[in-house]
Amino acid sequence: MIHLKIITPKKLVYEEEVTAVIVPTVAGEITILPKHADLLSLLKEGVITIKKEKEMEYLSIGGGYLETDGKTIHILVSRAYGQDEINEDRTKEAMLRAQKILTDTKDKQERDEALRSMKRSVVDMKLLSKIRRRKSS
Amino acid sequence: MNIRTVRKKIKSIKNVKKITKAMQMVSAVKMRKAQLLEVEGRPYRDGLTEMIATLSKKIDPSFSKILQVDTSGAKRELLVVVSSNKGLAGSFNVSLFRHLLSLYPSFKNVDIVTVGSKGTQFFSRLKDATIIADFSGGNLILEASALFDYLLEQYSTGKYTSVSISYNQFVSTLRSDQVKKTLLPLSILDEEAESNKDKEQNLKGFDLIIEPSAAEILEELLKSFLEYTIRGAIISSEAVEHSMRMMAMKSATDNAVEIIYQMTLLANRLRQEKITNELLDMITAKESVESN
Chain A
1 MIHLKIITPK KLVYEEEVTA VIVPTVAGEI TILPKHADLL SLLKEGVITI KKEKEMEYLS
61 IGGGYLETDG KTIHILVSRA YGQDEINEDR TKEAMLRAQK ILTDTKDKQE RDEALRSMKR
121 SVVDMKLLSK IRRRKSS
Chain B
1 MNIRTVRKKI KSIKNVKKIT KAMQMVSAVK MRKAQLLEVE GRPYRDGLTE MIATLSKKID
61 PSFSKILQVD TSGAKRELLV VVSSNKGLAG SFNVSLFRHL LSLYPSFKNV DIVTVGSKGT
121 QFFSRLKDAT IIADFSGGNL ILEASALFDY LLEQYSTGKY TSVSISYNQF VSTLRSDQVK
181 KTLLPLSILD EEAESNKDKE QNLKGFDLII EPSAAEILEE LLKSFLEYTI RGAIISSEAV
241 EHSMRMMAMK SATDNAVEII YQMTLLANRL RQEKITNELL DMITAKESVE SN
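Residue numbers (the working numbering), protein chains in the order written: chain A, 1 to 137; chain B, 1 to 292.
Accuracy of the hints is not assured; some may be wrong.
Incomplete in silico selection of chain A near chain B, CB under 8 Å [what the hints assert, rightly or not]:
no., residue
1, 8
2, 9
3, 10
4, 12
5, 13
6, 25
7, 27
8, 37
9, 40
10, 41
11, 42
12, 65
13, 67
Pairs of lysine-lysine residues, derived as DSSO-like cross-links and limited to a Cα-Cα distance of at most 27 Å, are as follows [to be verified]:
no., chain 1, residue 1, chain 2, residue 2
14, A, 10, B, 18
15, B, 180, A, 11
16, B, 33, A, 10
17, A, 119, A, 10
18, B, 30, A, 10
19, B, 181, B, 75
20, A, 10, A, 44
21, A, 11, B, 223
22, B, 33, B, 21
23, B, 86, B, 21
24, B, 223, A, 108
25, A, 11, B, 181
26, B, 223, A, 5
27, B, 180, A, 10
28, A, 11, B, 33
29, B, 33, A, 5
30, B, 18, B, 250
31, B, 223, A, 44
32, A, 10, B, 86
33, A, 10, A, 92
34, A, 92, A, 119
35, B, 223, A, 119
36, B, 33, B, 180
37, B, 181, A, 10
38, B, 18, A, 11
The hints are simulated quantities; they were obtained by calculation from the structure and are not laboratory data.
Idealized CB from N, CA, C, for every residue including glycine.
Produce the complete structure using the sequences and hints provided.
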């Protein structure tokens, strides 16, 4: 078992003993198991998979950092949402809105904003499809 | 004072009381939210500090571009002042400005960046102060990342010896401290290095894998750290603002209650005086009629 802590600027999202964690780093997806070598890594947007005994949990995260010493994992990310906090309709809506801004507006700041929101939505959608796949199988 | 003006005054003070009471309750809600944000944001900032400490032991921190800025030709200082957009918050803004005035005998060599329009107003009235930018949009917390980009850009021109931020630090609902923190050049590394000296000895043979590369991750970490220091300062200042406003409104409401009490006494006394006078008039009139 390994102690996992996920922290965002808003709050401590997750703190529990888990068996394995799969995270998206800049260099690719990695799995961290207990007794992992000391590691400090840069995370990118994506889905974190947490394995606990037989259960699986998913969190969609923004970019951030990961630190582990084999006994504890600290994950600092800009945002993290669990599967219960993501609403499929709202995510789709946000995606459409961002798309519209990207096609209509020329203002750079607004476009950047929309692009970011788009990226977030894509990650959220990925998470939703992951959950669905598990349910059907 | 006659009785009618006193009654009018009581009525108007009652209205004032209603307003201050409402403002107090609104501030109380906002205060709870802001305090929660302040408290819950702490683990993240602590986590970042910890990571930087771990990393700075492994590699030479002067790798980072932020730390390589040449400031030898710089003479001026950059100061960020976090105040509020709205007034009626007791001594919230005043005590911060007083603190700054005592720190700086003159603002000649200081360029000021204001966050919050009260600060802008104050410094634009000072003769020797120069405001170079104003980040007082509606929601101050949302300005944090724009402010961070701006500060970094200004600092990397090499014009400034240091960049610091001054704000009201939240301690508890009843207490706050006026502080000035130096953002750049980064001082965290030295402090951390010292406090970690004993620990370091225990960590011999400690081997850390760093992906993608130490320099890259350090750069990102330092930037995040700075950004969250700025954000933390604004959040903290906001928590203080709402607490202070709530306290100010509470004492205003208390004062109104006190004045209403005094005024009611006065009104009653005047009313009794009037009745006594009327009775006296009637009695003297009756007496004079009877004696004739």
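The hints, checked one at a time:
no.: 1; hint: 8; verdict: holds, 6 Å
no.: 2; hint: 9; verdict: holds, 5 Å
no.: 3; hint: 10; verdict: holds, 6 Å
no.: 4; hint: 12; verdict: holds, 5 Å
no.: 5; hint: 13; verdict: violated, 10 Å
no.: 6; hint: 25; verdict: holds, 6 Å
no.: 7; hint: 27; verdict: holds, 5 Å
no.: 8; hint: 37; verdict: holds, 6 Å
no.: 9; hint: 40; verdict: holds, 5 Å
no.: 10; hint: 41; verdict: holds, 4 Å
no.: 11; hint: 42; verdict: holds, 5 Å
no.: 12; hint: 65; verdict: holds, 6 Å
no.: 13; hint: 67; verdict: holds, 5 Å
no.: 14; hint: A:10 / B:18; verdict: violated, 35 Å
no.: 15; hint: B:180 / A:11; verdict: holds, 26 Å
no.: 16; hint: B:33 / A:10; verdict: holds, 12 Å
no.: 17; hint: A:119 / A:10; verdict: holds, 20 Å
no.: 18; hint: B:30 / A:10; verdict: holds, 16 Å
no.: 19; hint: B:181 / B:75; verdict: holds, 19 Å
no.: 20; hint: A:10 / A:44; verdict: holds, 18 Å
no.: 21; hint: A:11 / B:223; verdict: holds, 20 Å
no.: 22; hint: B:33 / B:21; verdict: holds, 19 Å
no.: 23; hint: B:86 / B:21; verdict: holds, 17 Å
no.: 24; hint: B:223 / A:108; verdict: holds, 22 Å
no.: 25; hint: A:11 / B:181; verdict: holds, 24 Å
no.: 26; hint: B:223 / A:5; verdict: holds, 22 Å
no.: 27; hint: B:180 / A:10; verdict: holds, 24 Å
no.: 28; hint: A:11 / B:33; verdict: holds, 13 Å
no.: 29; hint: B:33 / A:5; verdict: holds, 24 Å
no.: 30; hint: B:18 / B:250; verdict: holds, 11 Å
no.: 31; hint: B:223 / A:44; verdict: holds, 16 Å
no.: 32; hint: A:10 / B:86; verdict: holds, 25 Å
no.: 33; hint: A:10 / A:92; verdict: holds, 24 Å
no.: 34; hint: A:92 / A:119; verdict: holds, 12 Å
no.: 35; hint: B:223 / A:119; verdict: holds, 21 Å
no.: 36; hint: B:33 / B:180; verdict: holds, 24 Å
no.: 37; hint: B:181 / A:10; verdict: holds, 22 Å
no.: 38; hint: B:18 / A:11; verdict: violated, 36 Å
Going through the hint list in order, the structure does not satisfy hints 5, 14, 38.
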